[in-house]
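Visitor: Hey, can you work out the whole structure from these sequences and the hints?
Which chain is which? The protein sequence lines are A and B, in order.
Using UniProt numbering, you'd call the opening residue of the first sequence number 1 and step up by one each time.
Using UniProt numbering, you'd call the opening residue of the second sequence number 1 and step up by one each time.
Read the hints as simulated data drawn from the structure, not as lab findings.
Keep in mind the model is a prediction, meaning the values are calculated, not measured.
There are no misleading hints in this set.
Okay, derived cross-link-like pairs now, SDA-like style, lysine to any residue, Cα gap no bigger than 25 Å in a straight line:
hint, chain 1, residue 1, chain 2, residue 2
1, B, 64, A, 251
2, B, 286, A, 113
3, B, 69, A, 252
4, B, 328, A, 317
5, B, 132, B, 114
6, A, 308, B, 325
7, B, 67, A, 250
A few chain B residues that don't get close to chain A, going by computed Cβ distances all over 10 Å:
hint, residue
8, 24
9, 27
10, 130
11, 215
12, 269
13, 297
14, 340
Even glycine gets a Cβ: it sits at the ideal position worked out from N, Cα and C.
Each chain, written out:
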Amino acid sequence: MERDKLIEMYRTMKLIRRIEQRINDEYKYDEIKTPIHLSIGQEAVAAGVCVHLRKDDYIFSTHRNHAQYIAKGGNIRKMIAELYLRTTGCARGRGGSMHLVDTDVGILGSTAIVGGNIPLGTGTALASKLLNNDRVTVVFFGDGAADEGTFHESLNFAAVRKLPVVYVCENNFYAINSHQKARQAGEGIYQWGRGYGMPGYRIDGNDVLEVSEYARQAIERCRKGEGPTLLECITYRWKGHIGTVDDVGDGYRPKEEYDYWLSKCPIKRFAEFLRIKEILTDELEKAIDEEIDTTVEDAFSFAKSSPKPSTVELTEFVYVD
Amino acid sequence: MPWTTVQVEKLDNFFIKDDTAGDRILTYKDALHEALDQSLARDPRVFIMGEGVDDVAGVFGTTKGLKEKYGENRVFDTPIAENSLTGIAAGAAMAGLRPVLIHARMDFILLSLDQLVNHASKWSYMFAGQVKVPMVVRTISARGWGSGAQHSQCIQGMLMNVPGLKIVAPATPYDAKGLMISAIIDNNPVLFVEHRWLHKTTGPVPENLYSIPIGKGVIRRKGNDITIVAISYMLVEALKAADKLKEAGISAEVVDLRSLKPFDEEIIIESVSKTGRLLIADTGSKTGSVASEIAAFAAEKAFYHLKKPVVRVCCPDTPTPTSDVLEKAYYPSDEDIFREAAKLVRD
Ligand SMILES: Cc1ncc(C[n+]2csc(CCOP(=O)(O)OP(=O)(O)O)c2C)c(N)n1
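Guide: Below you can see the structure in the form of structure tokens.
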């Protein structure tokens with residue numbers, strides 16, 4: 001992989017981490033009045049996949065959508081303003097954290113209904129095929145979404161019609177507090193891809209290089225008209241399902257499991273790789289950090305100083321012209 | 001801290017006085033827990049399933065500890081597969097069990113409409129009563145803290161249009177327990193509508209196993225000038241409004257419908273024949289709401305008692321906005337009921 005793409009992935013992962021940590025820190029001030037779902041620990045998946053996407057490619061994500069939004073190039077100022085429910089937010093404050101949108105970069109909105117995005121992304125892929133353009137769609141979802149009928153019905157449809165869509169499952173083992181084992185008896189989500197007639201792979205979702213390599217191939221297949229791929233990326237969320245809680249120990253996730261995954265930090269691991277390759281130097285790291293700090297600072301102050309919507313807006317956009 | 005625990009925990013305790021005997025006070029959610037617990041103990045055919053029913057949170061505490069007590073064959077976690085789960089519950093019910101299926105948000109019921117509407121609710125009718133579907137679908141509507149358009153819906157109005165489905169919406173702890181028990185005993189699919197803001201409501205709840213007939217409303221406050229029919233959480237707002245109306249010299253009769261389908265026609269006719277004015281408060285969007293149905297019913301059966309047009313106090317016909325400012329403007333409150341009721345009586 002070229003050097004600048006490697007650096008881009010590193011930068012994206014760090015940007016996601018910083019923004020998420022900042023949201024985590026700010027949440028206690030009760031100004032972000034909407035549920036948040038953090039992806040800290042899962043950064044490599046979004047970064048590794050989106051590095052291969054063009055601006056006009058589509059992504060669809062879920063309630064846990066911050067990382068993907070950032071990786072696809074969503075507007076950071078508008079994202080944070082949306083969390084603060086301001087008129088300058090990407091949905092003018094009426095969507096909140098679970099419903100980020102940025103049509104300029106192929107983000108047509110995200111859903112809080114588990115599995116709800118899978119048919120939608122299959123639909124944009126159908127449109128690419130019918131319109132005969134080479135836009136690719138990536139649908140991101142959790143392991144929980146693979147329980148839903150929409151997952152199975154969409155994969156089947158996409159395979160039959162050879163649609164340009166990559167299904168990316170971020171398997172972090174948990175759906176709220178339910179472990180995957182309580183919900184799925186099978187050998188792995190990736191195998192369903194094969195069952196429906198498309199390539200399916202289980203990969204290390206904390207290894208951004210591996211994610212990126214499989215995503216590159218899957219996206220290329222799409223562009224060549226060879227149809228969909230399912231990637232099951234094994235990863236882990238560090239924070240609890242919702243808000244800023246830590247759901248570790250005492251009836252929740254085992255502490256040993258949590259500690260193990262903390263030791264597998266995708267960013268630390270990639271940074272080490274880049275250092276061995278002498279791509280990442282102290283100087284470059286400092287420059288990236290400073291740039292990210294500026295971006296994050298700017299976005300949060302922009303958001304906090306933006307106005308809230310006025311109540312006359314309540315009934316707008318129920319229908320559009 | 002924000003969300004999950006948020007809004008509800010910040011609410012005042014609302015104590016609903018009624019004629020119920022007994023001085024043991026429980027919250028709505030504990031009353032539900034007791035109803036489920038006692039039903040599991042009483043009838044081995046009863047089982048509970050749903051996303052997260054056996055985890056530490058136990059569906060806002062309503063199923064906490066029940067798996068430990070009754071075993072994982074009777075209280076168990078499920079995949080996130082609403083439509084099929086509904087059909088699976090229906091099938092189990094056809095085979096003689098009494099499932100209670102839980103959706104932590106009412107919004108998720110929309111994924112199960114095929115099995116709920118096309119199958120479970122119509123089954124007895126299609127087969128001339130030879131197969132029964134005695135199941136309970138418990139759903140909880142949320143509200144507040146930016147729940148947004150997909151996590152706060154109250155779609156009971158939409159579901160009233162489904163033949164064969166019974167719908168109850170208890171507002172007090174006493175009713176929550178009694179109606180849950182009735183719903184489980186009933187031989188038909190019963191949709192049990194909860195509102196998250198009711199979970200903290202307190203009131204007297206007897207320890208014994210008792211049921212409340214489905215289809216019977218109750219008068220929560222007697223009055224002569226106006227009838228306010230309220231459902232689910234709107235009862236709390238209606239009672240607050242009735243207090244304010246009283247101070248303003250207006251005597252409001254507050255009817256709690258409790259059951260939405262079938263609903264208590266008598267109680268409405270009787271009350272309206274006395275007051276001549278009808279206001280209906282619903283937690284859902286206005287068009288096609290429970291309030292719409294009650295209004296239509298009043299036009300059909302109580303028209304000559306009415307001195308004034310019927311008024312509906314509902315959410316506007318927009319999806320729920322996430323913004324706190326817009327959210328506040330979106331939800332009707334006791335103020336709205338008070339204002340509309342006063343106008344109806346005075347103008
Ligand atoms: C249709 C539907 N059912 C249930 C829920 C409640 N819910 C919200 S997130 C979630 C778990 C999702 O787990 P997963 O898909 O693995 O994503 P993760 O949160 O782990 O990223 C559930 C069950 C929902 N939002 N939508």
